[in-house]
Amino acid sequence: MNCPRLKNWFWERYNIDEIRDLVKQKSVPKHKYEIWYYTGGITLFLFIIQFITGMVLSFYYVPHFEHAHKSIIEIVTKLNMGWFFRSLHHWGAQIAIVMLFTHLWSTLLLKAYRKPREFVWVSGFILLGIAIFFGLSGYFLLWDERAFAAVRVATGGAGNLPVVGGFIKAFLRGDIDVTGDTLTRFYAFHVGILPLVTLCLMVLHILLVQYHGMSVPVSIKKEKLKETPFFPNFVYKDLIIWLVMLGIVVTLATLVPPEIGKKADPLAPAPENIKPEWYFLFLFQTLKLFPGEILGLNGETIAILLISAGILFFFLIPFFDRKSQREERSTLFTWIGLIYFLYFVLMTIIGFIS
Amino acid sequence: MKKILTSFAGMLISVTDLFAQQDKFDLLPAASYDRFIVYQNLVIFWIGIISLIVIIKMKLKEVERIQKMGINKEEKNIPVLD
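Residue numbers (our numbering), protein chains in the order written: chain U, 1 to 354; chain C, 1 to 82.
Bear in mind the hints are in silico, worked out from the structure with no lab data behind them.
Possibly wrong hints are sitting among the right ones.
Claimed, not checked - Capping the alpha-carbon separation at 25 Å, the derived lysine to any residue pairs in SDA-like fashion look like this:
| id | chain 1 | residue 1 | chain 2 | residue 2 |
| --- | --- | --- | --- | --- |
| 1 | C | Lys57 | U | Ile35 |
| 2 | U | Lys263 | C | Leu27 |
| 3 | C | Lys57 | U | Thr228 |
| 4 | C | Lys57 | U | Leu239 |
| 5 | C | Lys73 | U | Lys262 |
| 6 | U | Lys24 | U | Gly174 |
| 7 | U | Lys26 | U | Lys262 |
| 8 | U | Lys288 | U | Ile353 |
| 9 | U | Lys237 | C | Arg65 |
| 10 | U | Lys275 | C | Asp26 |
| 11 | C | Lys61 | C | Asn77 |
| 12 | U | Lys32 | C | Gln67 |
| 13 | C | Lys59 | U | Ser27 |
| 14 | U | Lys237 | C | Asp26 |
| 15 | U | Lys24 | C | Lys73 |
| 16 | U | Lys221 | U | Leu243 |
| 17 | U | Lys237 | C | Leu42 |
| 18 | U | Lys115 | U | Lys263 |
| 19 | C | Lys61 | U | Gln25 |
| 20 | C | Lys61 | U | Ser27 |
| 21 | U | Lys169 | U | Leu312 |
| 22 | C | Lys59 | U | Gly174 |
| 23 | C | Lys73 | U | Phe234 |
| 24 | C | Lys59 | U | Trp36 |
| 25 | C | Lys61 | U | Gly174 |
| 26 | U | Lys237 | U | Val256 |
| 27 | C | Lys68 | U | Lys169 |
| 28 | U | Lys262 | U | Gly174 |
| 29 | U | Lys224 | C | Leu27 |
| 30 | C | Lys61 | U | Lys288 |
As the list claims (entries may be wrong) - Coverage of chain U stretches by chain C, computed from C-beta distances (three or more under 8 Å per stretch; other residues unrestricted):
| id | region |
| --- | --- |
| 31 | 43–53 |
| 32 | 245–253 |
Fair warning: this is a prediction, and the values are worked out from it, not measured in the lab.
Every residue gets a Cβ at the ideal spot worked out from N, C-alpha and C, and that includes glycine.
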């Protein structure tokens with residue numbers, strides 16, 4: 001498409017040459033670990049899919065406890081391609097969380113969080129937390145018995161935190177127990193608050209990455225590395241991976257559509273052998289390890305405190321890892337990262353099997 | 001008696017509602033022809049994706065070839081025509 005008049009119209013008003021020169025100058029280091037650079041881009045792409053499919057679904061979803069479950073059944077059974085958009089939204093979310101965890105551990109093991117990129121890590125970590133809350137709130141919108149029990153357990157668990165627990169539980173539930181008010185609240189989080197916060201944080205995260213440039217691992221920093229131009233080389237490679245990802249999500253959405261359980265009944269007991277979503281399994285399994293009472297104290301409270309401390313330590317790793325800050329190899333934090341990774345994987349597998 | 005009968009009828013209606021919601025429904029289009037169309041479209045979709053990847057790969061190779069030759073960079077002190 002060549003529209004010289006339109007092009008001139010823009011050129012007269014905005015200095016596009018400057019932006020073009022900036023993009024042309026940007027380059028990406030070429031080395032054996034460069035594959036991990038693409039994980040962030042894939043996550044961004046999956047978030048875009050989530051935004052689009054979520055917008056489509058919100059046209060038909062009814063956020064009321066009496067109609068929520070029925071409206072989803074109607075989306076799946078009566079709407080043209082409704083089943084596809086719902087399935088795409090479900091699988092997009094699952095793979096986005098897998099990619100977020102992959103991005104997190106690759107950043108940790110390559111020490112890409114080290115000085116001066118601490119805030120890139122912080123913004124990314126908060127984005128992961130938001131994505132998990134996106135998952136929980138979106139899951140609850142189904143208003144089926146599994147989702148209902150999962151939210152009851154999750155909000156109850158948060159309530160076990162000392163001092164702030166009671167407030168968090170009441171704030172999330174909007175009532176004493178999980179009710180229709182919780183659904184309204186989770187809907188507001190899922191379609192209003194979380195997307196807005198995600199958008200702001202994502203822009204900040206991407207701007208910080210652009211500002212600092214791509215991080216190169218300490219082990220190969222001394223080598224003379226070749227550079228690949230960001231545009232068009234890296235963008236083309238990104239596009240190829242995005243296309244493959246789109247194919248995988250669409251295939252899963254078509255071949256494995258997500259189930260919809262029975263409508264939730266707040267008065268009914270939780271179904272037997274109920275398990276949370278896979279990304280909560282490691283927490284669920286950890287909670288199971290603790291007895292009901294430890295030295296006269298509530299075992300669940302101690303477990304939640306220990307888990308919170310573990311997550312807080314993980315979050316603050318860039319500030320603890322002094323060796324990486326000095327551009328030295330930091331084997332201790334590589335091991336710490338590996339232990340966290342193995343624990344997560346092992347507990348998730350045990351959670352699945354048991 | 002009337003009240004008891006009315007309340008019993010009401011309970012019966014509620015119970016039927018409970019049975020109704022336990023029905024399984026199709027998560028994919030139910031008719032086999034519709035399903036065939038869905039799977040067929042999935043194959044066409046993958047052919048489209050593979051074709052696009054091939055085109056982008058070809059374009060990328062061409063870009064890399066030009067970069068290797070060094071003719072993508074603008075020459076310095078190039079005479080201005082206008």
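For this session: Below or equal to 25 Å on CA atoms is what counts here, so check lysine 61 of chain C against serine 27 of chain U.
Result: It holds: about 18 Å lies between the C-alpha atoms, which stays within 25 Å.
### Task
Sort out whether glutamine 67 of chain C lies within 25 Å of lysine 32 of chain U, counting only the CA atoms.
holds (21 Å)
- Pairwise hint evaluation, aspartate 26 of chain C against lysine 275 of chain U, where the allowed Cα distance is 25 Å at most: With Cα atoms ~24 Å apart, lysine 275 of chain U and aspartate 26 of chain C stay inside 25 Å; holds.
Do the alpha carbons of lysine 169 of chain U and leucine 312 of chain U lie within 25 Å of each other, as the hint requires? holds (20 Å)
Straight-line Cα separation of lysine 73 of chain C and phenylalanine 234 of chain U no greater than 25 Å?
It holds: about 18 Å lies between the C-alpha atoms, which stays within 25 Å.
Exercise for review: Decide if the proposed pair is consistent with the structure: lysine 61 of chain C and lysine 288 of chain U, CA atoms, cutoff 25 Å inclusive.
Suggested key: Between lysine 61 of chain C and lysine 288 of chain U the Cα gap is close to 54 Å, so the pair fails against 25 Å, i.e. violated.
Does lysine 57 of chain C pair with threonine 228 of chain U here, judged by a C-alpha cut-off of 25 Å?
Answer holds: lysine 57 of chain C to threonine 228 of chain U is near 16 Å, not above 25 Å.
Worksheet entry | Pair hint lysine 59 of chain C and glycine 174 of chain U, alpha-carbon separation not exceeding 25 Å | Violated, at roughly 55 Å.
Problem - 25 Å Cα cutoff - pair lysine 61 of chain C, glutamine 25 of chain U - result: holds (20 Å)
**Prompt:** Are lysine 57 of chain C and isoleucine 35 of chain U close enough, with their CA atoms no more than 25 Å apart?
**Reply:** holds (17 Å)
- request: Please work out if lysine 263 of chain U and leucine 27 of chain C have their alpha carbons no farther apart than 25 Å.
  value: holds (16 Å)
For the pair supplied as a hint, lysine 237 of chain U and aspartate 26 of chain C, is the alpha-carbon distance within the 25 Å limit?
Roughly 38 Å separates the two Cα atoms, so the pair is violated.
Going through the hint list in order, the structure does not satisfy hints 5, 6, 7, 11, 14, 16, 18, 22, 25, 26, 27, 29, 30 and 31.
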